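Starting from the structure of chain A, add chain B where the hints point.
For the protein sequence lines, the chains are A and B, in the order given. Once you know that position 6 of the first sequence is 5 in numbering that gives the first Met the number 0, the rest is easy, because the numbers rise by one and skip nothing. Once you know that position 237 of the second sequence is 236 in numbering that gives the first Met the number 0, the rest is easy, because the numbers rise by one and skip nothing.
Hint data in this document are derived by calculation from the structure and do not stem from the laboratory. Bear in mind the structure is a predicted one, so any value in this text is a computation, not a measurement. Incorrect hints may appear among the rest.
[What the hints assert, rightly or not] Straight-line alpha carbon distances no greater than 30 Å define the calculated DSSO-like cross-link-like pairs of lysine-lysine that follow:
| hint | chain 1 | residue 1 | chain 2 | residue 2 |
| --- | --- | --- | --- | --- |
| 1 | A | K133 | B | K247 |
| 2 | B | K376 | A | K129 |
| 3 | B | K236 | B | K371 |
| 4 | B | K26 | B | K146 |
| 5 | A | K130 | B | K298 |
| 6 | A | K129 | B | K298 |
| 7 | B | K62 | B | K26 |
| 8 | B | K371 | A | K115 |
| 9 | B | K39 | B | K114 |
| 10 | B | K52 | B | K25 |
| 11 | A | K130 | B | K247 |
| 12 | A | K129 | B | K247 |
| 13 | B | K52 | B | K95 |
| 14 | A | K130 | B | K376 |
| 15 | A | K133 | B | K298 |
| 16 | B | K376 | A | K133 |
| 17 | B | K222 | B | K236 |
| 18 | B | K191 | B | K145 |
| 19 | A | K115 | B | K376 |
| 20 | B | K26 | B | K145 |
[As the list claims (entries may be wrong)] For the chain A half of the interface with chain B, some residues (derived, Cβ under 10 Å), not all of them:
| hint | residue |
| --- | --- |
| 21 | L54 |
| 22 | G72 |
| 23 | R85 |
| 24 | R86 |
| 25 | T92 |
| 26 | E95 |
| 27 | F97 |
| 28 | G98 |
| 29 | L106 |
| 30 | R107 |
| 31 | W108 |
| 32 | V109 |
| 33 | T120 |
| 34 | L136 |
| 35 | A137 |
Quick reminder that beta carbons are idealized off the backbone N, C-alpha and C, glycines included.
One-letter residues, chain by chain:
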Amino acid sequence: MDEKKEFTPSIIYGLCSWCGTGGSETAGAMHLQYADNIRPFRVPCTGAIDPVYILRALIEGADGFAVSGCHPGDCHFDSGNYRARRRMAVLKTLLETFGLDSERVWLRWVGHGEGKRFADTANEFNDHIKKMGKNPLAQRRDT
Amino acid sequence: MAATNKANMDEVGMNKGIWVEGRAKKKVLEFLNGLLNSKKLEAVLMPATNRTKDSYSWFLMGKDGLLESADPFPPVMTTQGARAVSYLTKKGRAWKKTAVLLRPCELRATIELAKIRQVELENLVLISFDCPGAYPLEKYFNGDQKKLDEAFDACLSKQAELEGARAVCSICNRFTGRGADIEIGLIGGEAKGFWLIPGSREGEDLLEGVTGSASHKLEAREKAISELRAQREEKRKQTLDSFQETVKGPENLMRVLSSCINCHNCSRVCPICFCRECYFDSKALSSEADAMLQRAQRKNGLRLPPDLLLFHLGRMTHMSISCVSCGACEDACPADVPVSMLFSLAGRNTQAVFEYEPGRSLEEAVPYTVFKFEELKDFEAPYIKEYSKEQ
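Chain A on its own, in the form it takes in the complex (with noise of 0.2 Å):
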């Protein structure tokens, strides 16, 4: 038990640079706490983030990858979210097929004045990896 209360875990927070970098600004200014082994991934669009991505920080030590960016008819670019639901969805499908912790993975929306939900998202991951324990992927060689 008390070694996973010392269990901090490796996090990637993919977000994207309108509405979820916005999220984590509007947190800021809010003065609102997150975990600080959440590390925020910056990119231009959560379409933008190839399944590959994540799968390579699953596979190379992350123990868990959320993503968040705009709501579904908020996209900077239209419709790149939309993308982003179904590659995301391939990849939980793939990882539940294999039994690879699909739950490792999250997609959850936060506008750009959603500080509060961005903090929340990030605080409730932290705890839900936790709470799963090491990623076993990230401690093989032989993958």
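Showing chain B alone in chain A's frame:
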């Protein structure tokens, strides 16, 4: 091949088959030869025995040597036919009427490639047949070819299970040439003959003047097909489900993949993997010794060449949605990794998310290229309001 004719192909196919008596292979070649003679066709793209006569290659050819060397029903799949078609028309349409003879899986891959503009269907006449399956390349090259050929010929019309066929062939549920301009119907023919069934207006035009009797037994054929399909679908489900159990979890998956030698042959022969430069072969994945040493430290060691799992899973995210389960990947694997089963399993599950079936219809867009405003809510993490209060 005209895209607009696709929608009503089932109706056309049901009514207008022409029954031709005789040995299918010979008669089909004569039929093609006749079309070439009358200039209705100017070229054919199809497999033919190569010079040593122990294997097949794809040739773009006219009348010369067609009757002697070409084989519309080769017992092995050396090159995926869709790849051959893509080589022909990737840079623009064929400007002469060209017939292409494809296995059903090759036909489906061709349609997938047409959707992503790697194949231009104009002026191509797609012809496909009821495929009994194919032998693994290695087995065919090293085995008693005469015996294997005979067994294959016997299966062509008898709709019997092809013994020793590749793993994906024995669970294939899309084994008819439906969707082609001309479908060669072997199932139900009981070795006495076969049907030539038009699937489009173009196919009908080409079949004009073919002598044969009316299609009195087409209903029996449909019945035989649906019986076999139901049987295969059940078998496919069971086989893939039990296969999934053997590869589930990091430990099992890595055991199956452990013999992989990172040659990337599977992606090179895959008809759907069309990218000119593959991400997994690119410089994006190469890193300096320093980075590798760090990775090794993090993971208690590092397998070299690296990114084995990333390659397979990554490729699945890129193309499994269009995977037609043709098995070309496994034929090309020198290390006996069950690649075709892995990708068939992945494809089945990812395609199910979008209720998509690759190669079913030209009108059906590849799921990655389109979207709906309201969909896939299950894949989003629902927001619990006031989460921070629970802490």
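Check the structure against each numbered hint from earlier and tell me which ones fail, lowest number first. Violated hints: none; all satisfied.
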